[in-house]
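Engineer: Residues per chain are reported as follows:
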Amino acid sequence: MAAMTATGARTQYETIIGIEVHAQLRTASKMFCACPTAPPPDAADEPNTRVCPICMGMPGTLPTINRRAVELVMLTGLALDCRVETAAVRFERKNYFYPDLPKGYQISQYALPLTSNGSLEVPVPTEGGSVRIGITRAHLEEDTARLSHAGRGFSVVDFNRAGIPLMEIVTEPDLRSPAQARAYGETLRDILRYIGASNADMEAGSMRIEGNVSLRPMGDDRFGTKVEVKNLNSFRSLERAMEYEVARHAEALERGEPLRQETRGWDEGAGRTIVQRSKEEANDYRYFPEPDLPPLRPSQAWVADLRAQLPELPAARRERYETELGLSAYDAGVLTADVALAAYYDAVVEAGAAPKTAANWVTGEFSRLLNQRAADGLRADGVALAPGGLAELIAAVESGSVSGTNAKAVLGRTFASGESPLAVIEAEGLGQVSDAGLIGREVEAVLAEFTSQVAEYRSGKTQLYGFLVGQVMKRTAGRADARLVNDELRRRLDEGA
Amino acid sequence: MELADRTISEVGSLLRSRTVTSRELTEACLARIERDGTRLNTFLASDAAAALAAAEAADAALADGDERPLLGIPYALKDIFVTRALDDAGDDLPGGLPTTAGSRILAGYRSPYASDAQERLDAAGGILLGKTNCDEFAMGSSNENSAYGAVRNPWDEATVPGGSSGGSSAAVAAGQAFFATGTDTGGSIRQPASLSGVVGMKPTYGRVSRYGMVAFASSLDQCGPFTRSVRDCALVLGALAGHDPRDATSVDVPVPDYAAALTGSVRGLRLGVPREYFVAGMEPGVEAAVRTAIDVLRDAGAEIVDVSLPSTDHGLATYYIIAPAEASANLARFDGVRYGYSAGDDDLLTNYLRSRGDGFGAEVKRRIMLGTYALSAGYYDAYYVKAQQVRTLIKDEFDRVLKDVDALLAPTSPSVAFPIGAKTDDPLLMYLNDACTLPVNIAGLPGISVPCGLSHGKPVGLQVIGRAFDESMVLRVADAYERAAGFADLRSPLSHA
Numbered sequence: 075m076a077a078m079t080a081t082g083a084r085t086q087y088e089t090i091i092g093i094e095v096h097a098q099l100r101t102a103s104k105m106f107c108a109c110p111t112a113p114p115p116d117a118a119d120e121p122n123t124r125v126c127p128i129c130m131g132m133p134g135t136l137p138t139i140n141r142r143a144v145e146l147v148m149l150t151g152l153a154l155d156c157r158v159e160t161a162a163v164r165f166e167r168k169n170y171f172y173p174d175l176p177k178g179y180q181i182s183q184y185a186l187p188l189t190s191n192g193s194l195e196v197p198v199p200t201e202g203g204s205v206r207i208g209i210t211r212a213h214l215e216e217d218t219a220r221l222s223h224a225g226r227g228f229s230v231v232d233f234n235r236a237g238i239p240l241m242e243i244v245t246e247p248d249l250r251s252p253a254q255a256r257a258y259g260e261t262l263r264d265i266l267r268y269i270g271a272s273n274a275d276m277e278a279g280s281m282r283i284e285g286n287v288s289l290r291p292m293g294d295d296r297f298g299t300k301v302e303v304k305n306l307n308s309f310r311s312l313e314r315a316m317e318y319e320v321a322r323h324a325e326a327l328e329r330g331e332p333l334r335q336e337t338r339g340w341d342e343g344a345g346r347t348i349v350q351r352s353k354e355e356a357n358d359y360r361y362f363p364e365p366d367l368p369p370l371r372p373s374q375a376w377v378a379d380l381r382a383q384l385p386e387l388p389a390a391r392r393e394r395y396e397t398e399l400g401l402s403a404y405d406a407g408v409l410t411a412d413v414a415l416a417a418y419y420d421a422v423v424e425a426g427a428a429p430k431t432a433a434n435w436v437t438g439e440f441s442r443l444l445n446q447r448a449a450d451g452l453r454a455d456g457v458a459l460a461p462g463g464l465a466e467l468i469a470a471v472e473s474g475s476v477s478g479t480n481a482k483a484v485l486g487r488t489f490a491s492g493e494s495p496l497a498v499i500e501a502e503g504l505g506q507v508s509d510a511g512l513i514g515r516e517v518e519a520v521l522a523e524f525t526s527q528v529a530e531y532r533s534g535k536t537q538l539y540g541f542l543v544g545q546v547m548k549r550t551a552g553r554a555d556a557r558l559v560n561d562e563l564r565r566r567l568d569e570g571a
Numbered sequence: 069m070e071l072a073d074r075t076i077s078e079v080g081s082l083l084r085s086r087t088v089t090s091r092e093l094t095e096a097c098l099a100r101i102e103r104d105g106t107r108l109n110t111f112l113a114s115d116a117a118a119a120l121a122a123a124e125a126a127d128a129a130l131a132d133g134d135e136r137p138l139l140g141i142p143y144a145l146k147d148i149f150v151t152r153a154l155d156d157a158g159d160d161l162p163g164g165l166p167t168t169a170g171s172r173i174l175a176g177y178r179s180p181y182a183s184d185a186q187e188r189l190d191a192a193g194g195i196l197l198g199k200t201n202c203d204e205f206a207m208g209s210s211n212e213n214s215a216y217g218a219v220r221n222p223w224d225e226a227t228v229p230g231g232s233s234g235g236s237s238a239a240v241a242a243g244q245a246f247f248a249t250g251t252d253t254g255g256s257i258r259q260p261a262s263l264s265g266v267v268g269m270k271p272t273y274g275r276v277s278r279y280g281m282v283a284f285a286s287s288l289d290q291c292g293p294f295t296r297s298v299r300d301c302a303l304v305l306g307a308l309a310g311h312d313p314r315d316a317t318s319v320d321v322p323v324p325d326y327a328a329a330l331t332g333s334v335r336g337l338r339l340g341v342p343r344e345y346f347v348a349g350m351e352p353g354v355e356a357a358v359r360t361a362i363d364v365l366r367d368a369g370a371e372i373v374d375v376s377l378p379s380t381d382h383g384l385a386t387y388y389i390i391a392p393a394e395a396s397a398n399l400a401r402f403d404g405v406r407y408g409y410s411a412g413d414d415d416l417l418t419n420y421l422r423s424r425g426d427g428f429g430a431e432v433k434r435r436i437m438l439g440t441y442a443l444s445a446g447y448y449d450a451y452y453v454k455a456q457q458v459r460t461l462i463k464d465e466f467d468r469v470l471k472d473v474d475a476l477l478a479p480t481s482p483s484v485a486f487p488i489g490a491k492t493d494d495p496l497l498m499y500l501n502d503a504c505t506l507p508v509n510i511a512g513l514p515g516i517s518v519p520c521g522l523s524h525g526k527p528v529g530l531q532v533i534g535r536a537f538d539e540s541m542v543l544r545v546a547d548a549y550e551r552a553a554g555f556a557d558l559r560s561p562l563s564h565a
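Same order as they appear, the protein sequences are chains A and B.
75 is the number of the first residue of the first sequence in the working numbering; add one for each residue after it.
69 is the number of the first residue of the second sequence in the working numbering; add one for each residue after it.
Worth flagging that the hints you see were computed from the coordinates, not collected in a lab.
Hints are supplied without guarantee of correctness; some may be wrong.
Label-pair distances were calculated between CB atoms; the ranges are [stated by the list, open to error]: (1) A:157 with B:363: 54 to 62 Å; (2) B:411 with A:126: 22 to 30 Å; (3) A:342 with B:426: 52 to 60 Å; (4) A:110 with B:121: 31 to 39 Å; (5) A:225 with B:487: 52 to 60 Å; (6) A:369 with B:333: 38 to 46 Å; (7) A:307 with B:324: 58 to 66 Å; (8) A:398 with B:464: 53 to 61 Å.
Cβ atoms here follow ideal geometry from the backbone N, Cα and C, with glycine treated the same way.
Bound conformation, chain A alone (with noise of 0.2 Å):
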């Protein structure tokens, strides 16, 4: 970035930003036990009731590995552009005391990560393009219990949150704005959505970031001294820490004083970092082999067959929306936004309906009557009306069988009750009527009805038209097709002008 530009005369700074995201994975089961990761539906997750004496780390236990953890990870490297390693992957354990932590180690991955190597196409909106993301590694870890310090003098422990499944994504330095920053995190989500792999919730902790930041002048091939920067709640959190760290860092760069390496944390309400560590309380974690835990070697089988599993990535949806279904930039990326509404998008495209028209269907009424139900949880997967159902509904729109107004109205029905959009105009007489014979009888009797205002109009009260045309729709309970209408009407005022 070229901090204090303002100014000009000042030194030019490039931004260099790496970012760490943990991310909890969607699996039923803790990482090495089979206590569930989540409470029954409908209960209360009261404190330590999702525990056992292995994630509790009573003596004498072992950890299992859980499948469908490594299969995420596997899968978000393939995602990630990763190499997916198939040589002895071993688990390693990261010692440290902390009352957070049942076994005074972390089980985690160091010297052979599952996945590494990748890389990610991040589009900037307000940079006006994209960059491309170097992903240095994407590894399997448990997560540590919860600490909440309850009162003065003491603090509580809930091991529910210990032994769940956590991926650790890390970037190469290669991000040079706090936009970049923010965009690279969205972007993420999105993918650890569409594949499955988190819920990505930052707000509900199921994922979280740590940004690097340091500076260097322009043209400088060496790093600066490097920041961290933890308890980041919101993307919009992590692009302005970003940016107060870049303009700190800018200030006491110019000032000539030393920066120091070190982990701050975010202040949302203050706007500010603040210290919590220096680098010289730096733990020694003594990593080493899990001897727990024999080595991992995905065969190559394995990676193949979940290669095939990835669905088609934000990134490539949104293109095929533009260029294949001609779809605005806007509605391709409202639609990849959610990978559920995309999914319904396309079976509805596939039954049939014009992609354009059913892009305005789904991103418009459908969309509108999920997010009025967001609240219950319901995604575009749940909704009762079958993808079917609604390209059937938008044919009858496009052929003059009803009309766009009734159709709203029968998709408000069907969208939660599932029935056939059709057989509910059938069984409504919701069905358009383009009986020219039948409008014109209408027309005639709203002219024999309204003899004034048809004079009026006829004396130049032009604005009369849309109640005469108001007064026809009511007679046909709105099934009258309305270009017809317009076109008897019309030809009938001027005909006795």
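Chain A is already provided as a structure; the job is to place chain B on it using the hints.
Structural biologist: Frame of chain A, contents of chain B only:
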């Protein structure tokens, strides 16, 4: 010979012929425990009422024709195996025994679950008498490192029984149990078996589940039996062995009928004698007894060949890097936070330091320090990585030699039982006790110690080492020796006290 000193095979026949009851066997053991237990310090916990109740249930099953080989046989578990002592609500289970691992830090600890060994022996119909004394966290070769005091050797109560499973070996030698479990990380079953004049076997790494064994060094620990005959050893091993999905290092290979392998013949077998195992400093009486044992096998028709395992010398150094490294992490969970001894200090760091400082004994602290050092940044490659390389070398040497011979013959320990206190001031001298046993753990192979006579009135053990998962061959050779040598009825002075 009194009932309490007989073999499982003998009393098993008596049980099935209804000549004796399980209750009588249990009472015989309890009487010996009553008479000598406190003096020998063999048991750390026992529940006579629970044992007698189980014996009566076994008698009922025997009356129904139940023919499980261990049904109604009283046994003891080394106090490193967790025994279930809490119910699902976390309340004390009647008859549930505490688990201390010989450490103050687990004083009074009650496990919420049972070890695989306890479950299997329960399922086999064994009658659990109690938990036997051992070196703290299985670290020691004399049983003098127990926080609950040294164990005395029934052959000479001024001497040690060997360690770390000294309580188990002494209990079986003293007629207090018909068999007992031990754990062997560097010789902790075979060496005390040798010093106590009983049979003790370390199976192949992965043959028996480690689930519920308080871990010392995960890549070396293995559970095995102490018995009064090789045939008994085959019976108990058959009950203990088998794949356990809760232990990822347990191997899924079928468990053969070990007793069926005891043909009594070694005719045509090639048995190797590794010259490096007859080490300088070995007691002449031990060497003489072992050489004589080899002659017995030669006379029985085995071909005896001289072989070389040149890396044997590096075994001790390799072991004392790997085992303490793993132990330093395995023992991190004893932090005074969730269970066991806690100093109860309000300050977290002070509580860690005081709980572990007061809770662990000197040898455990020494090994935690050794292991922590070996894993530290800057030393890891020179120590831990190098030790792993030597480990591979030692393993390869065994594999190469065992391609050419069916099994190896060696002394179990370079000395007979030594006086209590003789080696406590010199850890290195103590470590040398395991020079002949620990290479077998490093290579993960099965090994047995079988009594081969006396030196100065104290038992000597012959060690038989075999190929991975070829326990049948090891048992066959040991059994043939036992039959040919005439030491099968060797019992400690306490058997006719």
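Engineer: Among the hints numbered above, which are violated by the structure, and what are their numbers in rising order?
Structural biologist: 3
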